[in-house]
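*Asks:* Letter by letter, the chains look like this.
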Amino acid sequence: MSTDQDSRVRQKRNWDLSSESFEALLQWLNKDREEAGRRYEEIRRKLIRIFACRGCAESDLLADETINRVAGKVEELARHYEGDPALYFYGVANKIHLEQLKKVKPPPTTWETADLDDYEAEFDCLDRCMEKLPRDSRELVLKYYDHEESGKIQRRRMLADSLNIGLNALRIRAHRIRLALHECIIGCLEQEASGRLAN
Amino acid sequence: MQEHSEVVPVLRTWLLGLLSPAEGEALEQRLITDADAFEEIALVEQELIDQYLSGQLSEKERAGFESFFMNSEDRQRQFKIAKAFRSYVEREDPSGHRVQPVRQVEPRQSARQSATNIQATNQRYPVPVQTSFLATLNTYRIPVMAAVVVLSVSVSWIAYRSIRGTDGPALAVVLEPATHTREGGSALQQVNLPPNVRVLELHAKVPKRGSASYKATLVDADGNELVSSEMPRVDTSNSEADVIVVSVAVERLAAGQYQMNVDASYSGGPTESAASYRFVIVPAARS
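Same order as they appear, the protein sequences are chains A and B. The numbers in this note's numbering rise by one with no breaks, and the one at position 16 of the first sequence is 16. The numbers in this note's numbering rise by one with no breaks, and the one at position 69 of the second sequence is 69.
Take every hint as true, because none was put in to throw you off.
Footprint (simulated), chain B over chain A, 3 or more residues, beta carbon under 8 angstroms:
#1 34-47
#2 77-88
#3 126-139
#4 170-184
Don't read these hints as lab results, they were simulated from the structure. Small disclaimer: the values here were computed from a predicted structure and weren't measured. Beta carbons: idealized from backbone N, C-alpha and C, even for Gly.
Using the sequences provided together with the hints, build the complete structure.
*Replies:* Written out as structure tokens, the structure is:
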């Protein structure tokens, strides 16, 4: 959970990456500026995910810190470094993570099954989001995630056959619909929360 | 995204915090350079949550899930959405046979209404079909006591009329824990199924058990399991009891005796029987 202090740290760190450093970083990533921008975003997104999967609470802050440090050495890197820049970012990220581990650890996020039992708001939003799905997507996701365990593999195989795709392609397709639903639910929950605040 | 099945087992282990540091570093290097492998993370995360909810993780995986994987607010939010999704799928297709979605009388009201709320809704929107009710069963305790216990169990019948004409309505029945007499007899609740009802929603109250999670199973008289729900919908709004909700397609319910069992378990603790409910399905005469 961000505090005011965190927010100030974040602002300072973002400011550390000056426009000159940022331009130099993009130039190192790719000569084509547009492609370099995509690459930058991709690396940042991956660093955030890796930090988060390691259990780091402020994963975006750590990713930004990684980028800042790499940007600080970018002139040297442009001259001497060979290989995929992403791997260099990764090495720096490891170093930052180790530094982080030496600091006082924040208490882990605790959870109780019961705390997560109240999903009424999520259910209502899901109900609305399902209505927005195209019919074929809705049917696919309901069939794919059918809760009945017995014969599940066989049913999925039949579903894949009926769509003329492989099982893994079906898995990915169902997952993408689920991701779209997830985004819709998050948006809906935020809308509900802001509506409550307005009232 | 291409097929990356070989990376999935390693990803699972990594996400659960069970991979060695060296293996973890090798995987992370791949993730940061391989876009397709990276995209698998979200998929595997979702599958882990689903498998946790359906009790498919091994003991070791479950421990990693609870102590490591869930140590993030984003994942906890994802977990709640997954539970809602699971309930939704169960409601839409409780039997594995396609049925039309059961619409609620009030579209914006939660599907996890408490029995009280359902009754209130029913009063506001009188449902002509479902005024019926309840049954009594006389249980005779054999020789010694020679007592005849007749117990009337009140049952609340509530039905929803579909807002959209083509959808079949659901019938919600509030079950009470099987009542045992001092003499050892028990009273069976009778459920009359009107012919137009397509989904039976069983609402089972159990005394509150703190942070317990529930598993509900519905078996017929021969012991065949009709429904097994690892994470049934739970209405916690009642201060004294949790209401466990299980839906089942009426077409799966022949006339006869059924038993719904609810087990409660605690994180990392034992599972115990919370209650069982026996009832008899009686199809209504068709007009």
